[in-house]
Amino acid sequence: MKKIILSMLSILLILTALTGCGSSSKEVLYIFNWGDFIDFDLIRDFEKEYGIKVIYDEYDTNESMYARLKAGGKYDLIFPSDYMVAKLISENMLEEIDFSNIPNYKYIMDNFKNMNFDPEGKYSVPYVWGTLGILYNTEKVSGIVDSWSVVFDPANRNEVFMIDSMRDSLAVALNYLGYSINSKNEGELEKAKELLIKQRAEVNPVYVNDEGKDMIMEGQATFFVTWSGEAMQVISEDSRFNYIVPKEGSNLFIDNMAIPKGARNKENAEKFINYMLRTDVAKANIEYIGYSTPHKGAWEELDAETKNNPILYPDDTVTEKAEIFIDLGSFLDVYSRVWREVKNQ
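Take the sequence shown: its position 62, counting from 1, is numbered 64 in the numbering used here, and each next residue is one higher.
Think of the hints as simulated: they come from the structure by calculation, not from any bench.
Since this is a predicted model, take the numbers as computed values, not measurements.
Beta carbons are placed, not taken as given, at the ideal position from N, Cα and C, and that holds for glycine.
Where hints are given, some of them may not hold.
What the hints assert, rightly or not - Each pair of labels, with its calculated beta carbon distance range:
| hint | residue 1 | residue 2 | range |
| --- | --- | --- | --- |
| 1 | R46 | K298 | 39 to 45 Å |
| 2 | A157 | E29 | 34 to 40 Å |
| 3 | N118 | M217 | 32 to 38 Å |
| 4 | E122 | D240 | 16 to 22 Å |
| 5 | N311 | K115 | 33 to 39 Å |
| 6 | V143 | E60 | 29 to 35 Å |
| 7 | N94 | G221 | 29 to 35 Å |
| 8 | S241 | D335 | 42 to 48 Å |
| 9 | D282 | D335 | 27 to 33 Å |
| 10 | R46 | N310 | 41 to 47 Å |
| 11 | V30 | S66 | 19 to 25 Å |
| 12 | D166 | N311 | 23 to 29 Å |
Modelling step: build the complete structure from the supplied sequences, incorporating the hints.
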């Protein structure tokens with residue numbers, strides 16, 4: 003009888019453990035985000051408030067994130083840029099968001115809703131926005147920096163960091179040559195390729211990602227083609243630096259929160275999106291990562307100096323000349339080929 007009772011107790015404990023594992027697995031959230039792109043204190047606060055464990059991975063380009071998803075990577079929440087949202091929608095790789103679970107969406111500014119990359123506003127929620135430009139060390143520059151020309155000038159050999167991103171680096175070359183950053187003209191892409199190859203020979207740029215911020219502060223370069231938020235992180239730590247959007251034009255980007263198709267924890271992802279749109283959370287996060295916010299409540303609570311910062315909130319003369327990346331469809335293959343030929347030099 004004792005053996006029977008012990009056996010029954012063992013079975014009960016196993017079943018209880020299995021049931022517990024099943025319920026706890028629902029209280030998990032798998033996030034895939036850009037590097038250095040969120041205040042981790044806010045993630046810890048979310049975990050405590052909702053009892054949901056966050057498993058967090060990072061990527062360095064939209065293309066590497068896309069490749070991970072195509073290879074079967076399972077995530078509940080991703081942070082794609084505008085053109086990548088359009089690509090993911092076109093390939094049926096995003097879930098429609100249940101906005102009844104995201105009441106804080108009301109705080110998103112109207113001019114950031116129903117953008118051309120998600121015209122019905124079903125698949126994405128704006129997270130931050132910004133520009134692509136040049137961060138530079140003012141103590142090592144004597145003249146005016148206002149053009150992409152400085153990163154192609156042989157006089158600046160060994161003093162240039164380029165962002166290791168296909169669309170962004172090709173955008174620099176296309177803009178400098180007077181073309182659209184969304185060009186679908188193979189001749190224009192060939193000229194951009196030739197310019198970047200010439201730059202590699204004459205300027206010897208180093209292609210970097212997040213590590214570029216530390217490297218430029220250490221004096222390893224004078225110029226860094228990077229995003230406005232990354233630049234602000236450097237400037238906030240080191241007053242020697244400044245950031246400009248070149249006069250030829252640039253990219254204005256909007257990064258978003260989106261839920262991949264087949265997400266195992268979709269409701270948890272929606273809870274997290276709603277949490278990130280809470281005014282106090284959105285304000286704390288934007289102050290930490292240094293980008294520009296599409297959140298009306300958070301923007302209203304920023305100090306006057308931040309609101310008037312031309313790096314974070316540029317005037318119309320900058321934004322009107324900037325372009326948002328679009329999904330290139332099958333023409334992306336041309337960009338990929340050109341980029342491989344640049345990087346293989």
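The hints, checked one at a time:
1. Taken as a hint, the range 39 to 45 Å is violated for the pair R46 and K298, whose Cβ atoms sit roughly 26 Å apart.
2. Judged by the Cβ atoms, the range 34 to 40 Å given for A157 and E29 is violated: they are separated by roughly 57 Å.
3. Distance hint for N118 and M217: a CB-CB separation of about 35 Å, consistent with the stated range 32 to 38 Å.
4. In this structure the hint that E122 and D240 lie 16 to 22 Å apart at CB is violated, the actual value being about 43 Å.
5. Between N311 and K115, the C-beta spacing of about 24 Å breaks the proposed range 33 to 39 Å.
6. Distance hint check for V143 and E60: the Cβ-Cβ separation is about 32 Å, which falls inside the suggested range of 29 to 35 Å.
7. A C-beta distance of roughly 48 Å is found between N94 and G221, which places it outside the suggested range of 29 to 35 Å.
8. Roughly 44 Å separates the CB atoms of S241 and D335, a value that falls within the hinted 42 to 48 Å.
9. Remark: the range hint 27 to 33 Å for D282 to D335 is contradicted by a beta-carbon distance near 45 Å.
10. The beta-carbon spacing between R46 and N310, approximately 32 Å, falls outside the hinted interval of 41 to 47 Å.
11. In this structure the hint that V30 and S66 lie 19 to 25 Å apart at CB holds, the actual value being about 23 Å.
12. One distance hint, 23 to 29 Å for the beta-carbon pair D166 and N311, holds here, with the actual separation near 27 Å.
In this structure, the earlier hints numbered 1, 2, 4, 5, 7, 9, 10 are contradicted, and the remaining ones agree with it.
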